[in-house]
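A.B. asks: The chain contents come next:
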Amino acid sequence: MASVTFTGTTRFYAGNPVPAVDGLDLEVADGEFLVLVGPSGCGKSTTLRMLAGLEGVDDGTIHIGDRDVTDLPPKERDIAMVFQNYALYPHMTVAENIGFHLKIAKVAKTDREAKVRDAAELLGLTDYLDRKPAKLSGGQRQRVAMGRAIVRSPQVFCMDEPLSNLDAKLRVQTRTQIASLQRRLGVTTIYVTHDQVEAMTMGDRVAVLKDGVLQQCDTPIGLFSKPANLFVAGFIGSPAMNLVPARASGESAAVGGVTVPLTPAQRAGLTGDDLVLGVRPEAWRVSGAGPGLSAVVEVVEELGSDQYLYCVVDGVVSEPIAVRTPGMSPWQRGEKVVLAPVAESLHVFDKGTGERLPD
Amino acid sequence: MTTTAPAGKRTPPRKPKPAPTARGLSPLRALGMAVVWLFTALNVLVLYWLVAAAFKTPIEIFTKPFALPRTWFERGQPFRNLLYAWDNAGFGRAFLITVVLVAVASVVIVLLAAPAAYALTRLGVRGSGGLTNLFAIGMGIPFQTVVIPLFIGMAEFDLTNDLFGLFLIYVALSLPFTVFLLTGFFRSLPDELEEAAAIDGASPSRTFFTIMLPLARGGLITALILNAIGLWNETLLSIVFLNENANFTLARALFAFNSAASYQSEYGGLVAGVAIVVLPMLVLYLLLARRIITGLTLGAGK
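Heads up: the sequence lines are chains L and S, in that order. Each residue of the first sequence is one higher than the one before, starting from 1 at the first, in the numbering used here. Each residue of the second sequence is one higher than the one before, starting from 360 at the first, in the numbering used here.
It should be emphasised that the hints constitute simulated quantities derived from the structure, not laboratory data. Source: prediction; values computed, not measured. Ideal placement from N, C-alpha and C gives every residue a C-beta, glycine not left out. Accuracy of the hints is not assured; some may be wrong.
[What the hints assert, rightly or not] Incomplete in silico selection of chain S near chain L, CB under 10 Å: (1) Asp550; (2) Asp559; (3) Gly560; (4) Leu574.
Next up, chain L with everything else stripped away, as it sits in the complex:
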């Protein structure tokens, strides 16, 4: 087991002057579960593939433990990878798939069989060891791919969107299985996903990437409660945080007749008069009348346990504002409401730089 350290790691693709991953500095502790998350094309898969040795590193280094693996071929890195479409060898049985590395590593046959059996038992695959991948369900294939990684007891697990081919229900189940399995095995894991729910629920820490640049790396709670910039604020959380433009005047900021106080630190950090207030859907107080933003309810989404209102506020924001209210609330489509942000849960960003202003 080992830590993983990216230092200024950069990757260019042929014919593109913009790097796919740009000077990534990231340290993953021994035994940690780190999730790389971001929209498509943000460089998360490239980062993982560089760690696995499937992709060259144009600048910077990658260390696994104390070992510089930047220029080592994959087989000398002692890592295991779970691919998005599993990449099971279709002509081999489940047992052969799981044991392929051990066979290449010339592990004795009895030893090999015992290890394959242990891995299969751990994943509930014992009954399927003699089957070919084509005869397995999606979930079983996914587990075989996991088994192939586990059986090696590697230094690092690399997982590239391993759940994206499963249906929604199975994905939620497998999510918790993988997370608990990782905690049990204690193997350092780098997990790539575009799904922020997976990121928030599985990772010890989550690294958010955009356009090849690391935006923020923090615990799920840290990301949620203190997003470092507008991108992270909009990316983490579902529905997304509402971003409302406002103007600073004196010791407070004003938006559509609502004023919110600014701390001295926030005022000092401002580069101009324009700022953006971030309000999570659950941080609005909805009422029929009173001080606040006048809005009209455009859509009501009833989930039973929660209810989401999408409200149009003319002249303040172009997008409808998402508001979370308790399930079965009486709000109706077309109803006029007043929205007031809860001052303690406000996030304040500088509009010019997009960065979070200190509290």
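Use these hints to put chain S onto chain L, whose structure you have.
C.D. replies: Frame of chain L; chain S shown alone:
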């Protein structure tokens, strides 16, 4: 909603209803169907004529070309023509030579072409794109245009009138097509499998033999069959390069038999000789048609 309908009561349609787009016969489609069926009918007719004539006397062949054979059946020796051709054309030995030559050449061609195609598509070798194009260009050269230079070249090495020389020529001339066919096949295999093998610690050669080759089995078999059919029917090169009875291939033997049989007006025997050459490949094709067609259209769609 009724969920209690007794099982077995429902009678499924004999033929599931086609998608709306596939229904209806547009004029173009009708014309196309007509052409295809006409072409098929013509070929079946030729085949029928060939098989029927192989059992006829010359008089029957010329007077009643499309009637069923009678005379030889009435005389109680229905296979007379086939036996005559087999005995007089030296088909026995030629058959053996052809089977061995075609089998060995086809296998060698695939053995050489498969690693080449793998390297061209999979190893990311510098200049592999240009090299692949070179193979494609090689496919575009009609071998008839290079027969004479080939003959002179082979004569230099004393390899004319020699089965090994013919074998070399067959292998060399078949490589471009086979490499090209197999590059399409290897290209269609997913990248992840190689990457998974690399992470599992397999060397490139091990990846080729234990992962990629088994997966490309369908393509290899297709290449094998196509080469076998092509070489079996190959006539021109065998006529040019073989001029001694002892080493004739079937097609070459048939050519020699043609001259001899025409002099004796032995047309029944001649047609029987053609049937002996053609029918084995027809049977092979009928057995393996599905595999050949998937092989040829591979890479056409994703």
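A.B. asks: Does each hint hold? Answer for all of them.
C.D. replies: Results for each hint:
{"no.": "1", "hint": "Asp550", "result": "holds, 9 Å"}
{"no.": "2", "hint": "Asp559", "result": "holds, 4 Å"}
{"no.": "3", "hint": "Gly560", "result": "holds, 4 Å"}
{"no.": "4", "hint": "Leu574", "result": "holds, 6 Å"}
Violated hints: none; the structure is consistent with every hint.
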